[in-house]
Amino acid sequence: MTDAAMPPTGPPPGGVADIRRPTIAHAHLRRRYAAERRFKLYGLASIAVAGLVLLLLIGSIVSKGYSAFWQYYVQIDITFAAEELNPNGGQVEDTTVRSADYLKLVRDGLKHAFPDATKSRRDRRALYGLVSANSDVVLRNMVLDDPSIIGTTRNVWLKLSDDMDTFAKGNIKRNLPESDRRVSDQEIGWYDILASQDRITARFNIDLFRNGDSREPEEAGIYGALIGSILTLTVTLLVSFPIGVMTAVYLEEFAPKNRWTDLIEVNINNLAAVPSIVFGLLGLAVFLNFFGLPRSAPLVGGLVLALMTLPTIIITARSALKAVPPSIREAALGLGASPLQVVAHHVLPLAMPGVLTGTIIGMAQALGETAPLLMIGMVAFIVDVPQGFTDPATVLPVQIYIWADSPERAFVERTSAAIMILLGFLVLMNLVAVVLRRKFERRW
Amino acid sequence: MQTLILIGAVLGLGLIGYVMGRARSLIIANNTVKNLHSLPSYYGAYVALWAGLPGLALLAAWLIIQPQIVEGLVMGGLPAALTADLSGAQRGLLLHDIVNLATGNISTRGNEPAIVAAAERYNDLRHFGFMLMTVAALAITISGLIVARAKITPTMRARNSVEKAINAILIVSSLIAVLTTLGIVLSLIFESIRFFAQVPFQDFLFGMDWSPQTALRADQVGSSGAFGAVPLFAGTLLITVIAMLVAAPIGLMSAIYMAEYADPRVRAVAKPMLEVLAGIPTVVYGFFAALTVAPFFRGFGESIGLDVSSESALAAGVVMGIMIIPFVSSLSDDVINAVPQSLRDGSYGLGATHSETIRNVVIPAALPGIVSALLLAVSRAIGETMIVVMAAGLSANLTINPLEAVTTVTVQIVTLLVGDQEFDSAKTLSAFALGLTLFVITLGLNVIALVVVRKYREKYD
Chain A
2 MTDAAMPPTG PPPGGVADIR RPTIAHAHLR RRYAAERRFK LYGLASIAVA GLVLLLLIGS
62 IVSKGYSAFW QYYVQIDITF AAEELNPNGG QVEDTTVRSA DYLKLVRDGL KHAFPDATKS
122 RRDRRALYGL VSANSDVVLR NMVLDDPSII GTTRNVWLKL SDDMDTFAKG NIKRNLPESD
182 RRVSDQEIGW YDILASQDRI TARFNIDLFR NGDSREPEEA GIYGALIGSI LTLTVTLLVS
242 FPIGVMTAVY LEEFAPKNRW TDLIEVNINN LAAVPSIVFG LLGLAVFLNF FGLPRSAPLV
302 GGLVLALMTL PTIIITARSA LKAVPPSIRE AALGLGASPL QVVAHHVLPL AMPGVLTGTI
362 IGMAQALGET APLLMIGMVA FIVDVPQGFT DPATVLPVQI YIWADSPERA FVERTSAAIM
422 ILLGFLVLMN LVAVVLRRKF ERRW
Chain B
7 MQTLILIGAV LGLGLIGYVM GRARSLIIAN NTVKNLHSLP SYYGAYVALW AGLPGLALLA
67 AWLIIQPQIV EGLVMGGLPA ALTADLSGAQ RGLLLHDIVN LATGNISTRG NEPAIVAAAE
127 RYNDLRHFGF MLMTVAALAI TISGLIVARA KITPTMRARN SVEKAINAIL IVSSLIAVLT
187 TLGIVLSLIF ESIRFFAQVP FQDFLFGMDW SPQTALRADQ VGSSGAFGAV PLFAGTLLIT
247 VIAMLVAAPI GLMSAIYMAE YADPRVRAVA KPMLEVLAGI PTVVYGFFAA LTVAPFFRGF
307 GESIGLDVSS ESALAAGVVM GIMIIPFVSS LSDDVINAVP QSLRDGSYGL GATHSETIRN
367 VVIPAALPGI VSALLLAVSR AIGETMIVVM AAGLSANLTI NPLEAVTTVT VQIVTLLVGD
427 QEFDSAKTLS AFALGLTLFV ITLGLNVIAL VVVRKYREKY D
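Here the protein sequences line up with chains A and B, keeping their order. So that you can map any letter, position 155 of the first sequence is 156 in the working numbering, and since no number is skipped, the others follow by simple counting. So that you can map any letter, position 230 of the second sequence is 236 in the working numbering, and since no number is skipped, the others follow by simple counting.
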């Protein structure tokens with residue numbers, strides 16, 4: 002039995018200690034306990050702040066971006082006038098159909114819907130601005146698909162222009178003074194009339210996923226950037242994975258311990274801490290100016306990102322190799338395997354889950370990287386979807402950067418939506434890494 | 007694309023070589039593996055290496071050298087009158103025009119017959135070069151295959167040769183990292199030397215005025231441009247200090263809480279949360295800073311009567327600090343966990359409370375590691391680009407007021423180099439001088455962090 006377990010005996014009767022203990026020592030102890038609680042609270046508060054900021058960040062992006070996943074359409078009666086599309090009569094000719102003035106059809110349709118709004122040029126321009134500037138292309142494609150609609154009047158759903166779309170989503174408030182909003186009272190009046198006639202509807206914004214970039218927010222999509230990202234990451238993976246694994250294998254399994262290998266090790270650790278923009282400068286000076294590779298190409302972007310993710314892959318691959326117990330190596334050596342066979346047949350396969358986890362994490366970093374790609378020209382405005390490794394392309398994070406810089410109000414929600422998609426991919430990649438680790442990781 | 011097909015063809019031939027070598031070894035061994043020195047797959051690999059490696063090496067060398075030769079030939083073939091009194095940059099522009107014309111892009115000089123002829127010559131040469139490369143690569147690959155296959159005998163030490171070759175490949179790949187560093191250092195230094203030939207070194211490092219422009223005409227107003235980088239350094243420092251004021255206490259305290267207090271349930275939530283914070287791309291933080299945090303600070307400042315710039319250093323710095331929190335906390339977490347339990351137990355035994363133990367025993371013991379973690383965080387903040395590009399200002403402003411807009415080294419590098427550049431103006435080259443400064447500073451911080459840990463680490467075992 003120890004002293005601590007004995008029942009408290011109380012202060013010894015009489016003496017100096019009897020007087021001092023309750024007053025000073027207890028107060029001191031209280032202060033110390035209060036300090037203890039405060040300290041603990043600081044720690045908890047720090048974590049709470051970090052969590053709160055994360056929630057705020059995600060919350061602000063989701064609340065700004067969720068509305069980009071649909072798009073408002075307006076139904077307009079369009080007369081596919083025969084005198085415009087097939088002036089000569091008879092067989093419909095492809096060339097006249099292609100070169101016809103579809104903008105006029107759109108405008109006629111709008112004028113027909115609001116006959117009283119056509120008095121002044123300003124009114125007319127405002128009226129024409131209700132629908133997307135791309136509406137003529139939609140009509141042309143309709144006619145090209147089905148020439149028999151020439152001469153008829155159809156109900157066509159056209160996209161609202163970006164400002165009207167933003168208004169319809171409630172991102173431009175009605176109660177603002179007219180001079181402070183991009184939508185005039187007149188336009189709101191038209192919108193209300195159309196809405197009361199059930200001529201306004203919201204649809205899933207599929208163009209966000211299948212279009213390239215565009216100056217018109219309602220036409221802009223991330224498909225081009227997504228393909229660019231995939232092409233770039235393919236190059237990155239093809240370059241950095243083999244080189245990274247081979248380097249890790251060499252340094253961990255074969256390299257003699259001498260000054261040279263020390264140098265390589267220090268070098269790799271330093272490379273991991275070099276700011277990413279410096280890799281961009283390297284790409285600009287070496288790949289573009291020295292080797293003369295094409296600007297804005299996924300090939301160059303992939304190479305730059307590969308050099309950047311190389312340290313990550315090497316470091317994680319080395320720790321995965323280190324985790325394989327020496328007994329495995331010794332057993333294989335004892336059975337007559339050569340050192341290379343030991344590594345190739347036993348150590349590397351056992352370390353593979355860890356290596357792959359590190360590679361996926363490195364790829365996720367590369368997917369989110371922006372700064373070095375700005376240096377090598379992947380920030381250009383590119384409408385076309387890239388077809389190959391040397392086509393001009395951009396990538397998702399750079400697309401986000403470009404859209405974030407655009408003045409149109411409607412690009413804000415699209416930027417946020419693109420961020421949500423990017424974060425979705427990152428979460429997916431990290432989940433795969435976690436699952437891989439959980440499923441295949443072995444404890445020795 | 008054609009090049010890719012060619013590379014694929016060489017690799018395919020290597021694969022064929024593997025199959026052939028393997029089959030050959032079995033035939034000469036009468037289908038009895040024990041008659042061979044090595045396993046049949048090693049004979050296959052031997053042939054494959056002989057076939058593939060020379061071919062790929064040739065392709066790589068050719069692809070690097072050919073453009074230089076072709077360009078030299080094209081420029082040499084131009085009429086002397088065109089190239090006689092051109093500077094290096096003008097030659098570059100002329101070549102650019104020719105290449106543009108040759109690849110079917112719009113060129114400003116498409117109407118000059120000499121240029122058009124040169125463009126045609128360029129295309130012909132490239133085409134010819136490609137044909138030659140294809141023939142050479144395929145010939146060397148196939149001959150390598152045949153020679154290696156003929157060399158196969160039952161006593162040939164195929165495994166040893168293959169392992170030697172693979173060892174060499176491993177060494178080469180581990181040199182790539184060194185080459186990368188070398189490439190960074192050399193490219194930064196070369197371009198910086200060209201910059202310092204135009205702008206004196208001390209003007210750059212100690213000049214108080216930054217307005218990077220080069221004049222089109224000599225008599226233009228402000229034609230000289232000023233390349234004094236002090237305002238950029240000051241702006242970078244200001245934003246870094248703000249970031250560290252946010253990240254250091256929050257990161258450190260959350261690391262202490264996670265390592266010392268948190269029960270497994272809190273850890274299970276907090277650790278992934280910090281990892282998510284660490285995994286968010288910086289462009290997202292930049293967007294957050296520019297569209298949420300900066301307007302908030304501005305509005306808040308207005309409401310209490312302060313004039314806050316919409317690109318204030320405060321917004322960029324705070325968001326950068328948030329970005330660095332997980333970095334600080336995960337590094338410090340490791341360091342704190344490495345402090346042996348016996349130290350804590352000794353402190354408890356003397357009657358210290360938990361927080362007293364942390365403050366007086368654990369943190370002093372972990373201090374070298376914590377200092378190095380903070381230094382690494384500073385180096386990261388200095389090199390961070392996207393947040394400041396999107397949320398900080400562009401004009402060089404020498405101030406320590408965090409409510410004003412400042413610019414940083416990385417912002418200037420991006421603004422100087424995005425878009426088309428001419429590669430001999432001081433304006434473009436100054437970006438490389440800034441990059442070199444950035445590289446030296448971050449490298450220095452990393453080295454100091456390493457030295458701090460090595461020199462002051464307490465060894466407990």
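Calculated from the structure, these hints are not laboratory results. Just so you know, even glycine gets a beta-carbon here, dropped at the ideal spot from N, CA and C. Wrong hints could be hidden among the right ones.
[Unchecked claim] Quick list of the computed label-pair ranges, beta carbon to beta carbon:
{"no.": "1", "chain 1": "B", "residue 1": "10", "chain 2": "A", "residue 2": "177", "range": "51 to 61 Å"}
{"no.": "2", "chain 1": "A", "residue 1": "329", "chain 2": "B", "residue 2": "275", "range": "35 to 45 Å"}
{"no.": "3", "chain 1": "B", "residue 1": "347", "chain 2": "A", "residue 2": "443", "range": "50 to 60 Å"}
{"no.": "4", "chain 1": "A", "residue 1": "120", "chain 2": "B", "residue 2": "96", "range": "53 to 63 Å"}
Now for the hints, and whether the structure bears them out:
A hinted range of 51 to 61 Å holds for the C-beta pair residue 10 (chain B) and residue 177 (chain A), which are about 55 Å apart. For residue 329 (chain A) and residue 275 (chain B), the Cβ-Cβ distance of about 37 Å falls inside the hinted range of 35 to 45 Å, so the restraint holds. The given range of 50 to 60 Å is broken by residue 347 (chain B) and residue 443 (chain A), whose C-beta atoms sit roughly 27 Å from each other. Checked against the given bound of 53 to 63 Å, the beta carbons of residue 120 (chain A) and residue 96 (chain B), roughly 58 Å apart, stay inside it.
Hint 3 alone, counting from the list given before, is not met by this structure.
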